[in-house]
Structures are given as C-alpha cells and as structure tokens.
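Just so we're aligned, residue 66 is where the sequence shown starts under my numbering, counting upward by one.
Keep in mind that the hints were calculated from the coordinates and are not lab data.
Among the clues, some could well be false.
[Unchecked claim] Okay, the calculated beta carbon distance ranges per label pair: (1) His414 to Gly144: 50 to 56 Å; (2) Tyr408 to Asp475: 23 to 29 Å; (3) Gln181 to Ser373: 31 to 37 Å; (4) Gly284 to Leu483: 41 to 47 Å; (5) Trp391 to Asp196: 37 to 43 Å; (6) Arg141 to Ala385: 50 to 56 Å; (7) Gln197 to Glu455: 29 to 35 Å; (8) Val407 to Gln181: 50 to 56 Å; (9) Arg308 to Ala390: 52 to 58 Å; (10) Arg494 to Gln431: 51 to 57 Å.
In this text, a Cβ means the ideal position worked out from N, Cα and C, and glycines have one as well.
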Amino acid sequence: MGPTDTMPQWERLPAEIRYAVFEVLVPRERGMVLKHGLSQYSLVCKDWQPFFEKRLYRYLSLTQDSLHDFRRLVVRQRGLVKHIWLEIELSDDGCDTCLVCRQPPSRHSHHSNAFQAITRLWQALTSWDRDQVACPPGSLTLEISGQFPRHLEPIFRYRRTLPVGIDHLYGQVHCVSPDCGSHLLQVQVVGCFVLRRQTQHAFWPEAVAGLLHSLPNLGSVTYEPWWPLHSPPPAYLDPGHCRVITEALPKALRELTLSEDFEDYHSARRAYSMSRTYTSHRPKLMGAPDAAVGQALAERSLRLVRLSATNIVDAQDFFAAVDPAWVWGSLTSLSLTSHLLVYKKPCAHVTCLLVQAGVAALQMPQLKWMSIWNVTGGNACVFSYEATDEHTMIKWRGTRHMRLDLEVADVWSRVAELYTGRDLTIGTRGVPHTQHYGSTLRPP
C-alpha cells in the first residue's frame, strides 16, 4: 500500500481514535511531556500540525541567548503559547555582602544583564499586543528566574530546588535588582506573573515593583521573595514589600500568592552555606513579619478573590488592621500564617486571633475557605473554615491539642448563619509530630 492509499484510511478514522494515536506518540518521562520529537511530528501533515504544535508551544523556556530566535520564529504560533519562563543566566561571581543583605545590591554587574534580558523579552511581547485575536490581553503566564551559568545545565536544568551544599561547590547565591523603573514598555498580553523562591538569584522588591508596573493586565501574581538570613532584617526590605503591595499591584488583580517560607528546602540550603561562611551572622530560621506589611496587605486585599500569604505577614497584624466599614465583596479564599499557633504561645492568644478572624469573616460575604496555620520544627497546626453546598465547618487540626471555646464557636456560628443559612459544625483532630506537614495542612 503506497502513501496515497494510507492518508485516506487515516482520514476515515474517528476523531477520538486519531487523538488516541497522537497521545501515544507524545514522548513522556515520569508523566511529563517531552518536547523532543514533537516538531518532527507536527511536520507530517496539516492534520497532525495543530495537535503537536499545541503541545510544543504551550510552555516555552527561554534564556537571553534564545530571545532573538523567539522573536523571529514564534509568530504564527503566538496564540498557542500559554506560559513563558525566562531563565536569566547570571554569573556567580558577585560580592559576598549581597548574601547577608547588608547593603542594597545596586552595584553588581549582573543587574544590567538581567535588565537587558527583561527588556528584550518585553520588546518582543509588545508586538504580541497588536495581535489581540490570537493573543488577547491577559492570556499569557510569565515566569522569571535568575539561574546558574549554562555550564551547570547537565546537573541543574529544569530543577526547582538544588542539593544542600551546592553553594559551597559552585559559589554563593546573589541578589538581583535590575533598574526596571519606568524604562520598561507596557505589555498587555501578560495576565499572570510568577516569581518563585527557588530562583538562584533573588529579585529585590524594587525590581519586582518595576516589573509589575509594566504589566497592567495582571489578574494573578505569585511572588515568593527570599526571607532575610540574618536578624534583624535589612531596613529597606519590609518597606520594599509594602511598596509592592500598595503601589505596584494592578487594580485588576484578583489572585495573589505571597510566600516567604522559613522552612523551605531551598532556603535551608542557603542558610547552611551562610552559617559556614559568616560565623558572626548565623541565620535565625524564624522571625516576626513586619506589622506594616500585614496592614498594607489587609487593605489591598479588599478587591481580591483569592489571597494566600505565607510568613511574609502575620494573621494577627492582618486582622488587627481591619476597618469595621470594610467589605471584601469578592474574596472566596484566604490563607494566612501566624506565629501565635506555636506551642509556646498561650491558648488565650490563639482564641483571640480566631475571634478576630471570625469578626473579619462577617465582612466577607463570598468567603468559602479560610485557613490560619503555622509550621515550626516538626509541629504543625491549622484552623480552617469551609463552606460548601453540604456543610459549613470550622476545624482545628495539628500537633498542638486545643479546644475551640465558646467565643470562637459563637462568632463563626454567626458567619455560618449569615452567609450559608446552616448550623456550624465544629471539629478537632490531632496529628503526630512530623517533619512532613502536608497531610496536616491539607483540607479534610
């Protein structure tokens, strides 16, 4: 049977059978789609092209070296791109003062390299803004990170976290503060911005603010800054977070995730390296968030739909800033951490916090989920409120035993009656001490 005989047979196959054949051909490793070979399959015929190009271009990983080809080659396929990850390759030969954060990192040469890479990507994406049929405003996710040089690619390519001690082998991690300011073009197509804590070069709040100012259509932001490795934290760090929250986040923002994770594996790696190098500045693996950041976030959250803030603010500061006249008209999900949930704090303080949370929830008519939690040294506690079509419940789960008293039950019963019309269910569940707290914090 010749080629002219096979294609009619293929076209007569039901669409679901052809789709199943395509899925078998897609290369995978550990459940993840591999791009190697997808481009060859997309060239077989026009019938194959849409399926394989969709998977080939959906997620693009770029470096500054590939930006020229990206602008030249990705034209017809722009509408297929959903996520761009810009990996800015920076040298690891910066000064050591950057690691302990004693001075604002404004003098390092890799700042200009980062700015050039960001500027070139922004210039390319502004041309996408003119093609609003294929690339409607807010349709693209943009992720940025600062990475080790290309010579480490065989070991660390695509890894979100790195082995403990890698700093000692390959140099310290550093801080990046490209002078974005008002120099960046406005990019309309980006609707989601991601800056994870697993980047090997930190981006400082001033740089993040400049990036966010240039992305006016953001509906979702994930911002995970590095926590300061010494105490007290630098004076300019918390005001920088406040400026990001109050000035840089666009008005259209609906989802915000902030995380300054003290227990993170990547942060522990940095703390280990620092303690070996700076014996007089050994890091504290826990610190109190600045109250001003919590106050700023409380007011900024009024227009949000979902908010998650881990360690960068304390729930106590967030709820203390609540104005009785405020109404969170759209907020459906709220997750905060608090140092009051650790063992050393009296139960009365925890009760006061949970009552404050309930009073605030009376001003959140759309709220479906709230959690206040803490994880410290193998101990984990979480208070949760959940409103579904079947039940309205508050629950305490954790390694710390605590009974929810009448004050807590009363205020949350008012929330349940006001917004769900159902009686409140109250539950508690103890868990053993553990180093793995995912099961403790997971919703029931």
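Results of checking the hints against the structure:
His414 and Gly144 have their C-beta atoms about 53 Å apart, which keeps the hinted 50 to 56 Å range intact. About 26 Å separates the C-beta atoms of Tyr408 and Asp475, a value consistent with the hinted range of 23 to 29 Å. Taking the beta carbon of each, Gln181 and Ser373 are about 33 Å apart, inside 31 to 37 Å as hinted. Hint check: Gly284 to Leu483, Cβ distance near 29 Å, so the stated range 41 to 47 Å is violated.
As the Cβ distance of Trp391 to Asp196 is approximately 40 Å, the hint placing it in 37 to 43 Å holds. Between Arg141 and Ala385, the C-beta spacing of about 54 Å keeps the proposed range 50 to 56 Å intact. The hint said 29 to 35 Å for the Cβ distance between Gln197 and Glu455, and at roughly 42 Å that hint is violated. Taken as a hint, the range 50 to 56 Å is violated for the pair Val407 and Gln181, whose Cβ atoms sit roughly 45 Å apart.
In this structure the supplied range 52 to 58 Å is violated for Arg308 paired with Ala390, their Cβ-Cβ distance being about 25 Å. A hinted range of 51 to 57 Å is violated for the C-beta pair Arg494 and Gln431, which are about 27 Å apart.
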